[in-house]
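These protein sequence lines are chains A and B, in that order.
Residues in the first sequence are numbered from 1 upward in steps of one, following UniProt numbering.
Residues in the second sequence are numbered from 1 upward in steps of one, following UniProt numbering.
Take the hints with a grain of salt, since some may be wrong.
Covered stretches of chain B, as calculated for chain A (at least 3 residues, CB under 8 Å) [to be verified]:
| no. | segment |
| --- | --- |
| 1 | 112-119 |
| 2 | 222-232 |
| 3 | 284-298 |
| 4 | 395-403 |
Worth flagging that the hints you see were computed from the coordinates, not collected in a lab.
A virtual CB, placed ideally from N, CA and C, is assigned to each residue, including glycine.
2 protein chains.
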Amino acid sequence: MPQYLSTSDPGFEAAFAHLLSLKREDSPDVDATVAAIIADVRERGDAALVEMTARFDRVTLAPDRLRIPDHEIDALCAQVPEAERAALSVAADRIRAYHQRQMPCDESWTDDLGAMLGWRWTPVSAAGLYVPGGLASYPSSVLMNAIPAKVAGVRRLVVTVPTPDGVANPLVLLACRIAGVDEVFRIGGAQAIAALAYGTESVRPVDTITGPGNAYVAAAKRRVFGRVGIDMIAGPSEILVIADRDNDPDFVALDLLSQAEHDESAQSILVTDDASFGQAVARAVERHLEILPRAAIAGASWRDFGAIITVRDLPEAAALADRIAAEHLELLVADPEGLAATISHAGAIFLGPWTPEAIGDYIGGPNHVLPTARTARFSSGLSVMDFLKRTTLSRMTPEALRALGPSAETLAKAERLEAHGLSVRARLDRLNG
Amino acid sequence: MPQYLSTSDPGFEAAFAHLLSLKREDSPDVDATVAAIIADVRERGDAALVEMTARFDRVTLAPDRLRIPDHEIDALCAQVPEAERAALSVAADRIRAYHQRQMPCDESWTDDLGAMLGWRWTPVSAAGLYVPGGLASYPSSVLMNAIPAKVAGVRRLVVTVPTPDGVANPLVLLACRIAGVDEVFRIGGAQAIAALAYGTESVRPVDTITGPGNAYVAAAKRRVFGRVGIDMIAGPSEILVIADRDNDPDFVALDLLSQAEHDESAQSILVTDDASFGQAVARAVERHLEILPRAAIAGASWRDFGAIITVRDLPEAAALADRIAAEHLELLVADPEGLAATISHAGAIFLGPWTPEAIGDYIGGPNHVLPTARTARFSSGLSVMDFLKRTTLSRMTPEALRALGPSAETLAKAERLEAHGLSVRARLDRLNG
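Given these sequences and hints, build the entire structure.
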């Protein structure tokens, strides 16, 4: 049973605060193990990778076989059925088109003193993308990470993906091909992150690492952060649906379940201004849970973290949405754009009845790597920006320096940074002397 | 003595690699202490802040005096001499004008299937800015952090600044005023970061924390990251000057020293295509070190981490610059724009002889919070983006869903996410039925 809350209940504040504070993820503390793995890869390079890949993935590889050769990738890609190949290609085209629009512009201008100011954007030279193995090995995630990197202009894009028992996922490799990935290594876990960050004989190091992974991968990403850039550390998935009574309870139930089926720690919340609609959705969820293949996972998530909240009106729903700051927010109301305009915090908003969140997971165009665990209050989904960095530019003229130099000197002296002041003063003296 | 390197030397590669790998910062491991401080503030709130402020800053405050009242700020601001006031105001105006140009645009468009796609930017609701106490309490840093936040539209901007022995820095408070800071608390250290992240009775929590600090502050920021956003963890300052012989060695020496005087761990590097010019700069540095007030610090930095590298030509200099990926890069050559265009990695570039880096520290307009320790390979200086987040938007029409739904369903099935597929299929059946 999910939690039933109503803003009209006297105990609502406490119950809602409790819902927000639920610790959904119980990350094991693997930091010491991960530190040892990273140290080992730094010290022994490929030898450590080979050994750990044999131990964890049960695959024994010569060092020169850590990288999957192109002909093997080609052979695996050829196994992908045409329908999947076509779907992946449509998805890639749409994701590429969306992310191309994100490219920021370089700017430069001359101010009223004649100084040139501006900035320019350049891509990181090399990026690494971690792809999990096994069941959570999602080709859609490959597209969502790799395409923004390539749109940003990253020249060398490296994928690491473990192949447990030697089994590679053809659709993942096809996604790599379609997205323009340059190198694929069949390694995983913290050892793959270490190899990407520090390099080994076979793996040249990269500058930024993105992509999802288990607790070991997450801990390794935290550890190498600073040495390389990383994307966010994603938590379990979430969806908030705000729906009025003029919706099909079945659609809403399936949207809630499509997050719940990801993970027992996922969270699905319905906010509605009609309590009986909420009941109808709850019944529909139960019906689907009887037949859904991943019912065990989805049912646990819905039971432990699901909620149906009845509100008095939609403004109240918007206020709750800002407090929840959901990763995914569906607005199934008469004027979804109007409601969206009153909500500040959400990773992605899906407007109207024909935009199930699953469209966004695969094919809508926007990225599906989004801030979880209320971090949409301060962070954004993955984008081309994760693979770009900005360099600021300035050029003073003698006139501009004459005008601004004395103020800089005053502030330098006030901060007791004498050489700062002198570096300006020496030039002013030259200009004036 | 700084290191003298030349790309013509047979041992250059090894010496340069050594220079890049120098560990300049010896951060004490304060993580356990910081964890305890954070836990204490979370548990006891204001009482913990009061106690730690008495212990670390030797100031005893009632909880309702943790925040500096406006009239006290006014009185302190009134002590600032007119010249400093005017300089701060000029700096603020220029920083504001530069950062206003950084504001990204919302976008939305309709694609060829009729689907609406786009994104919008919103500010974080509340931001906290840590300002160190004592000597490193820089009013310029207040402007550089606070102005981008306010330009981004942050409604509540909170400063914490310790007042050791009860002494506040009037210029810092005036900078807060000019930048539009809303609340100032006289607390510091890891306890201030904990208060900003988790809140106490007096300090409402914020969503993002920026600003420099000592090892305790840095460790606390790392710990609260995820709960709130943080800016980068900055390392010691750096400058790389690329200069040809047509420069005044004195200017270059002062520019090198203006980084060296920050910190014994700072690093100043000169790259020149003229060995005798390099010698002249070295002599000028020595001359200034005889009279500079902060000669002890600057001298240690120059001796331990400074370097003069002679190259054969400017393309070689550009290649080294990309490997160094310096925080500050001055290009003192005949065609600085042309050389800049060949360099990818730098936090900020200063072009030509009339743009000493100190201008950028105070008054140029671009931000002086910049990536250090080679992180300019993958990260950028502080900007309005640190206080904004992007929400993606999508709205499918029935036609768009009919066109795209089947591909989404195919991919969902391939990933064995049945409910994802069903949430699309149910709608397709409705549209087709």
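Going through the hints against the structure:
no.	hint	in the structure
1	112-119	holds (count 4)
2	222-232	holds (count 3)
3	284-298	holds (count 5)
4	395-403	holds (count 6)
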